[in-house]
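*Asks:* So the chains spell out like this:
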Amino acid sequence: MEWNEILIRYGELSLKGRNRNVFVRKLKNNIKDAMRDLQSVRLKAERDRMFLVADDEEDMKKAIERLPHIFGIQSFSPVAKCEADLDAIKKKAIDVIGSGETTGRTFKVEIKRADKTFPYVTGELQQEIGGHVLSQFPELVVQMKKPDILLLVDIRKDGAFLTSKVFKGAGGMPVGSNGHSLLMLSGGIDSPVAGYLLMKRGVSIDAIHFASPPYTSELAKRKVTDLTEQLSSFGASVRLHIIPFTELQQAIVKQVPDNLSMTTTRRMMLQIADKVREEIGALAIITGESLGQVASQTLDSLTAINEVTATPILRPLIAMDKLEIIDISQKIGTYDISIRPYEDCCTIFTPSNPKTKPKIEKVQHFESFFDFPPLIDEAVRNRTTIEAFEQRQADADFSDLL
Amino acid sequence: MIYFDNSATTQPDESVLESFIAANIKYYANPASIHVMGREAEALLNRSKKQMLSIVDNEDGEAILTSGGTESNNLAILGLSEAYKSRGNHIITTQIEHPSILNACRQLEQTGFDVEYLAVDEQGRISIEELTAKLKKETILVSIMHVNNEIGTIQPIRQCAELIKRNSRAIFHSDCVQSFGKLPVSMEELGVDAITISAHKVNGLKNSGVLLLKKGIKPSPINFGGGQENGIRSGTVSVPNAVAMAKAMRISSVKEERTNFREWRNMLVEACGTIEKVQVLSPLDGAPHIVSLAFKSIKGEVAVNYFQEQGIIISTSSACSSKNKKASHVIETIGLDNKFKNGVIRVSFGNTNTKEQVKEFIDVLHRFMELIEKGM
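Heads up: the protein sequence lines correspond to chains A and B, in order.
Final position of the first sequence in full-length UniProt numbering is 402; the numbers increase by one with none missing.
Final position of the second sequence in full-length UniProt numbering is 376; the numbers increase by one with none missing.
Chain A with its partners taken away, still in its complex shape (with noise of 0.2 Å):
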């Protein structure tokens, strides 16, 4: 079957009044982007829905591909176009129909006649059309609520637009249409998570990562730059941040009593990321904390890490299970980066018994002994950044071996 235009419906942002436009002008360009290397790709954008135009077939094969992942969307359907001439159209509605599923379905024909000269009326248009779909295909049944299949006949000047399959958005807000936020991406299962859904919600993200070498790995490294490139699939595209942490977690090891020197490690990083934010102009950090799961996670410990930022913290997963966020982490993909066994900068300097219930005051009389700014300072200068689009090219390309 060939489809020459799909039609995209807008998701939830239909509804927000005077803001339309950006949201739409936002999806627009995130639909562009992700279309970028499809050359014969247009979009126009109207107040309720989009029309993608793709001339050439493969192009929109792939399009069709893509568009399920982008945020925004509530669903798209495939529109085969033919003459505003009642036997092209019923050619045409028997190749719709017979392009998916028939057996024990039922069926509707709709129509819209926005060019009004068209020489029949609606009901005819009908009756014509759907008797003639049902002389092809006897095991449909007409059904006039909730039918399985319902094929739309969009007559308009330029020719009449048929289409049956409706498949469906990924939901949510375009991203970048709620600002921007900084997330904190450690390589485990949760962090990519809280950035998925905050994107859904239309935020747009950089992530910032600490590399501890030669502690951690230039796997573990590959693993977050993984992660951020499947992130990046779902609209805008995320920029990377990563921080050389070693010669910091060394002085806290020295100056921290250890059952203290995760707080401190976690306070050190939540700096370095607010400052980082700063620079890029992002108003939010986004971190996976999910209360009680370790013991970084505690309300009192929280509270002894937020203590240096008034920054807004977005912790998406705080009220959530861990096997909720397994389940969200294995549909958007990350899951199987996400358990490939290297240590990260967390996990190496592990105190085997870190207080649940540090104290603000304690944590802070420990950290008073030593200069810890200008590490911070250096560490947030001597930060590498790596693009979305710099990460795919490092792609080893087998193509020639298979």
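Don't read these hints as lab results, they were simulated from the structure.
Check the hints yourself; a few may be wrong.
Here are the simulated SDA-like pairs of lysine to any residue, each with C-alpha atoms no more than 25 Å apart in a straight line [claimed, not checked]:
| no. | chain 1 | residue 1 | chain 2 | residue 2 |
| --- | --- | --- | --- | --- |
| 1 | A | 331 | B | 51 |
| 2 | A | 157 | A | 121 |
| 3 | A | 331 | A | 75 |
| 4 | B | 215 | A | 330 |
| 5 | B | 215 | A | 90 |
| 6 | A | 165 | B | 214 |
| 7 | A | 62 | B | 87 |
| 8 | A | 331 | B | 50 |
| 9 | B | 215 | A | 121 |
| 10 | A | 221 | B | 273 |
| 11 | A | 165 | B | 188 |
| 12 | B | 255 | A | 402 |
| 13 | A | 44 | A | 115 |
| 14 | B | 214 | A | 121 |
| 15 | A | 168 | B | 191 |
| 16 | B | 136 | A | 90 |
| 17 | B | 341 | B | 84 |
| 18 | B | 255 | A | 57 |
| 19 | B | 218 | A | 323 |
| 20 | A | 62 | B | 184 |
| 21 | B | 255 | A | 400 |
| 22 | B | 165 | A | 333 |
| 23 | A | 62 | B | 218 |
| 24 | A | 221 | B | 32 |
| 25 | A | 331 | B | 84 |
| 26 | B | 50 | A | 115 |
| 27 | A | 168 | B | 60 |
| 28 | A | 90 | A | 154 |
| 29 | B | 215 | A | 352 |
| 30 | A | 108 | B | 166 |
| 31 | A | 221 | B | 33 |
| 32 | B | 215 | A | 323 |
| 33 | B | 26 | A | 364 |
| 34 | A | 157 | A | 65 |
| 35 | A | 331 | B | 32 |
Add chain B to chain A, keeping to what the hints say.
*Replies:* Just chain B now, with coordinates in the frame of chain A:
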């Protein structure tokens, strides 16, 4: 030599061998290792699997690499029945499956499964009515081969799939070892949950096969070890074999039936029509690359020997059963006249064959018949 035994195995494609060697030189690391070479090998393995999955229109599914068609079929029957036994104990297959399906089913019968074997008509085709009648709520697995390896019958897989999906919760497996590369094999179009493909039947390497599964379908393991392949098939995965197989599949995959094979097949069938002592067993609408013939009162083995002397390699029924003296289970099942039963031969085309070779075969066939008339 003219090689007409491509259903038994094929000559590996040169470019497949090149890929196999190149992958062995550069990506020999164990894909389960955590070091950088292991990661590269794993990336290549994943790309190979992705390619296999995309060729059969099952992008989000799973590919389990095995040692070949037999192991893939074993894993489908034994592994899926074990994994889904809480749903029921009834299995349906056909009387003309490959022994790797049939013998696995017989094994299951020993352990309390109820296996029913669909009969076939003289063309080797199952009846949809019988399948309808046999499906019940305890049915957990149905396995029906796409193309029969001895006579080339094509089963109505799509129709079976619709029926199975509508009337049961059973998983539908199809052995596509003989169909892949000659007919379009799309899991989407066929409506199947699992298929078996073997590399060496499509100019790939021996000892290399795959069980392709729809998303969410997971057989229990039938061998035990380090839990590779998602815990389903233990044993170090051979990345070079995966690469070679993905390449062989890409080269041989077809969107439509192989028309050159069909033309040669028609030439052969037409030639046989003029010979009284030869009966064509393959149905007219069978697979394009297999022609099964039976000689009246002449042993198949004699024909194989004569053709061999004339420089043409053919086989009696299937390679697996050809060393057996008895007529094969497929030949028995389709109810062939006793006079023809022992005179079955199989001619199967492949990528290395030409039209001239088919003409040559027909000439030799005529000479053979003349000789027979003289009484050898």
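*Asks:* Check whether the Cα positions of residue 165 of chain A and residue 214 of chain B lie no farther apart than 25 Å.
*Replies:* This hinted pair holds, its Cα atoms lying about 22 Å apart.
*Asks:* Decide if the proposed pair is consistent with the structure: residue 214 of chain B and residue 121 of chain A, CA atoms, cutoff 25 Å inclusive.
*Replies:* The given pair, whose Cα atoms are some 46 Å apart, is violated under the 25 Å limit.
*Asks:* Can you confirm whether the C-alpha distance between residue 255 of chain B and residue 57 of chain A stays at or below 25 Å?
*Replies:* Holds. Residue 255 of chain B to residue 57 of chain A sits at ~16 Å (cutoff 25 Å).
*Asks:* For the pair supplied as a hint, residue 218 of chain B and residue 323 of chain A, is the alpha-carbon distance within the 25 Å limit?
*Replies:* holds (20 Å)
*Asks:* Take a quick look at whether residue 221 of chain A and residue 32 of chain B sit within 25 Å of each other, Cα to Cα.
*Replies:* Holds, because 18 Å separates the two Cα atoms, which is no more than 25 Å.
*Asks:* Regarding the pair residue 157 of chain A and residue 121 of chain A, is the alpha-carbon distance no greater than 25 Å?
*Replies:* holds (15 Å)
*Asks:* Need the status of pair residue 26 of chain B, residue 364 of chain A: alpha-carbon distance at most 25 Å?
*Replies:* Cα-Cα ~53 Å, so violated.
*Asks:* Does residue 166 of chain B lie within 25 Å of residue 108 of chain A when you go C-alpha to C-alpha?
*Replies:* The given pair, whose Cα atoms are some 22 Å apart, holds under the 25 Å limit.
*Asks:* Would you check the hint for residue 90 of chain A and residue 154 of chain A, treating anything up to 25 Å between C-alpha atoms as holding?
*Replies:* Distance of about 13 Å is within 25 Å: holds.
*Asks:* Holds or violated: are the alpha carbons of residue 215 of chain B and residue 90 of chain A at most 25 Å from each other?
*Replies:* Violated, at roughly 36 Å.
*Asks:* Can you confirm whether the C-alpha distance between residue 331 of chain A and residue 75 of chain A stays at or below 25 Å?
*Replies:* holds (18 Å)
*Asks:* For the pair we were handed, residue 341 of chain B and residue 84 of chain B, check the Cα-Cα distance against 25 Å.
*Replies:* Since the Cα atoms of residue 341 of chain B and residue 84 of chain B sit roughly 40 Å apart, the hinted pair is violated (cutoff 25 Å).
When held up to the earlier numbered hints, the structure conflicts with 5, 7, 9, 10, 14, 16, 17, 22, 23, 26, 29, 33 and 34 and fits the remainder.
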